[in-house]
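**Q** This is what each chain is made of:
2 protein chains.
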Amino acid sequence: MKKSKKIYLDYASSALANSANPGAIHQLGVKEKNKLENARKNVAEILGSHSDEIVFTSCATESNNLAILGVVKKYLEIFSHIVTTNIEHASVFEVCKYLEKTKQAEVTYVPVETNGIVDPRKIKKAIKPNTVLVSVMYANNEIGTIQPIMEIAKEIRHYKKQTGEKSVFPIFHTDATQAINYLPIKVEKLGVDLMSFNGAKIYGPKEVGVLYVKRKTPIGPIMFGGNQEFGLRPGTENVAGIVSLKDALQITEKIKEKESQRLTKLRNYFVGKLKEVDKKIIFNGDLENRLPNNINITIPKIPSDLLIIELSERGIMLSEKSACKSGDGKASGVIKAINPNGNEKNGSLRFSLGRQTTKADIDYTIKALVEILIKLKKWYN
Amino acid sequence: MKKSKKIYLDYASSALANSANPGAIHQLGVKEKNKLENARKNVAEILGSHSDEIVFTSCATESNNLAILGVVKKYLEIFSHIVTTNIEHASVFEVCKYLEKTKQAEVTYVPVETNGIVDPRKIKKAIKPNTVLVSVMYANNEIGTIQPIMEIAKEIRHYKKQTGEKSVFPIFHTDATQAINYLPIKVEKLGVDLMSFNGAKIYGPKEVGVLYVKRKTPIGPIMFGGNQEFGLRPGTENVAGIVSLKDALQITEKIKEKESQRLTKLRNYFVGKLKEVDKKIIFNGDLENRLPNNINITIPKIPSDLLIIELSERGIMLSEKSACKSGDGKASGVIKAINPNGNEKNGSLRFSLGRQTTKADIDYTIKALVEILIKLKKWYN
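Quick mapping for you: the protein sequence lines, in order, are chains Z and A. Here the working numbering is used: position 381 in the first sequence is 381, and no number is missing along the way. Here the working numbering is used: position 67 in the second sequence is 67, and no number is missing along the way.
It is possible that part of the hints are untrue.
Same chains, same names: a pair is fine if it fits in one copy or spans any two.
Unchecked claim - Result set (DSBU-like, lysine-lysine): computed pairs, CA atoms no more than 35 Å apart in a straight line:
1) K73 <-> K103
2) K5 <-> K189
3) K33 <-> K254
4) K41 <-> K256
5) K124 <-> K279
In short, the hints are calculated from the structure, not lab data.
Using the sequences provided together with the hints, build the complete structure.
**A** Structure follows, in structure tokens:
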């Protein structure tokens with residue numbers, strides 16, 4: 001019989017023959033499985049990890065949920081304690097709130113300093129004998145401040161040494177979603193046990209997330225079904241999306257240094273121009289220790305949602321806070337955390353720059369902002 | 001200023017300006033939000049439901065997990081009871097096993113009859129005062145048998161009437177993943193409260209799932225973070241994937257009747273030919289009340305994994321059982337359920353036909369099978 005002939009009779013497993021189910025044992029399934037495992041290998045190489053430490057999920061929110069719930073569920077017999085900060089993304093913060101509410105865990109929210117950065121010694125101080133997890137984001141999604149992940153890892157190691165027991169606890173998780181474009185991500189050097197990120201922020205597919213899980217980290221699944229992803233994430237693997245995430249990560253890694261330098265320059269130029277616009281503008285978060293692409297400001301007395309709408313009408317797209325929390329009508333928890341005595345009504349503007357951003361864009365934005373402020377100051381003074 | 005100019009400064013929310021975050025309040029975010037809500041409306045129309053009853057997830061496995069865990073979690077104060085069958089997909093079965101193991105719920109697995117179809121009266125008999133959920137798949141993923149969903153819904157209504165209380169319990173969930181291509185899916189007519197399916201089986205995107213949630217159904221999220229999907233599924237919405245699922249569902253719906261008729265004919269032709277190949281072939285599952293595209297057989301004395309590899313070498317792709325469970329080396333639980341006294345070593349072959357399948361494909365497959373059987377019977381007789 002002709003070897004080249006292909007007859008696909010596995011529609012119940014995946015309706016599309018050209019993207020067969022990687023769990024199928026026939027030729028096309030094996031081909032997909034190979035694509036999947038090659039992508040996993042490439043992602044692992046970039047993180048400096050083993051292939052079997054890379055778990056693909058559907059998004060960073062799922063990765064964060066898996067990291068926290070997966071560890072706590074594993075230790076339901078003890079009343080688990082979690083240490084985190086007061087400026088985490090909703091997909092960490094709300095999981096902690098849920099665990100508190102349902103009395104499955106207790107949580108210490110270590111407050112960051114007024115510059116939006118947490119003191120590693122305060123993290124260590126918060127650790128207790130029943131602390132199973134420390135979760136601190138690598139860079140903040142609103143104010144772009146970079147957390148001292150290596151120093152926190154060091155404090156955790158010191159704590160473990162002090163106790164004298166050879167314990168895996170506390171496990172150290174970082175949400176690297178915003179950091180991944182610009183900061184070093186070799187997991188061993190960072191000293192993390194769990195690290196989340198996704199495709200959406202690295203110019204890749206929205207529907208793929210990653211959770212790095214260091215070997216021997218005690219963690220269980222939060223959904224149940226198939227044995228995919230080393231038993232940690234059931235469901236048919238989205239091979240095309242995973243390959244596309246791998247491609248995006250490779251590009252990100254390749255241009256990381258150059259792009260970071262370019263954006264740092266552009267950001268500093270933007271900051272200088274903003275200071276000229278209005279001396280009263282408040283810059284939120286440390287100006288040095290922050291992502292190259294992030295500027296977050298408060299313009300006193302002018303509501304920020306109004307500014308965003310006015311800017312959007314002039315074709316300039318930016319956000320006030322996390323899109324995950326945009327609809328709730330509440331002030332940003334991050335801004336409140338770094339400036340507890342500020343006027344909540346002022347709000348904040350997050351300008352986040354990227355690969356297509358040019359100096360001309362910044363000039364245009366500044367021009368628009370001046371125009372808008374002249375108009376609005378008539379009403380808000 | 002020029003109205004047409006577009007400057008994107010929201011890279012932290014989505015790195016790709018052409019698929020902005022639908023949670024963002026600027027122009028591009030609103031545009032994505034509109035695409036999302038239009039897709040939701042179109043999906044709702046096809047199911048005969050309201051838009052706010054459609055929840056998008058990352059896959060059918062997640063939809064099934066959300067349906068079961070989301071209801072049980074809501075009622076943790078009572079010791080919940082679940083009624084299901086003994087031939088459910090792993091993403092229902094393993095969730096039930098997990099709930100039993102962690103003592104969060106008790107589960108009754110109603111055995112199907114030898115034809116692979118459950119008796120609705122047996123489902124009713126299994127319902128107890130603490131039954132919060134009945135979960136019965138619409139059509140089986142291995143043997144293609146169609147479950148009497150409307151009749152089960154009727155039995156549940158009778159049960160509720162008998163108790164006299166105006167209770168929402170038990171809630172009725174069906175996993176319609178395999179049924180959606182060929183069977184009626186108007187939710188009100190089916191009488192279901194929750195219904196899962198995905199894009200992978202309808203020639204659409206692998207990474208999108210749907211959970212229909214009837215208004216007022218008591219259910220909570222299983223992951224935490226943003227407020228997306230009516231608070232039931234956090235994480236940035238995969239708008240492109242969701243629109244693509246909507247397109248796939250519209251096509252499926254349009255050609256459903258014609259394609260069902262074509263495949264039923266083709267399947268019956270295939271069955272006839274198989275009977276000619278070997279009279280000892282066992283046809284698993286009811287031959288009438290099954291999906292038009294499914295044939296599941298056991299060839300006595302010949303290991304099915306060997307048959308699949310031999311067929312694959314001749315370019316013919318099929319599976320033994322669910323790809324979600326393909327790697328575990330165990331015999332199919334479904335085949336065991338309908339034939340508890342069978343020889344497990346025989347295994348089974350699932351031929352699942354689809355849009356590209358032709359009569360010539362069937363003839364080629366039969367020819368290959370004859371060739372393989374001549375070869376293998378020398379060794380296995």
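**Q** Each hint needs a verdict: does it hold in this structure or not?
**A** To see whether the hints hold, each was checked on the structure:
Taking CA atoms no more than 35 Å apart as the test, K73 paired with K103 passes in both settings, with 12 Å inside one copy and 13 Å between copies. For a Cα distance limit of 35 Å, the shortest separation of K5 from K189 qualifies neither inside one copy, at 50 Å, nor across copies, at 43 Å. With identical chains, the CA atoms of K33 and K254 are at most 35 Å apart both within one copy (26 Å) and between copies (33 Å). Proximity of K41 to K256 under the C-alpha cut-off of 35 Å is restricted to the intra-copy arrangement: shortest distance 20 Å within a copy versus 41 Å between copies.
Taking the shortest Cα distances, K124 and K279 never come within 35 Å of each other, neither inside one copy (38 Å) nor across copies (72 Å).
Of the numbered hints stated above, those contradicted by the structure are hints 2, 5, listed in ascending order.
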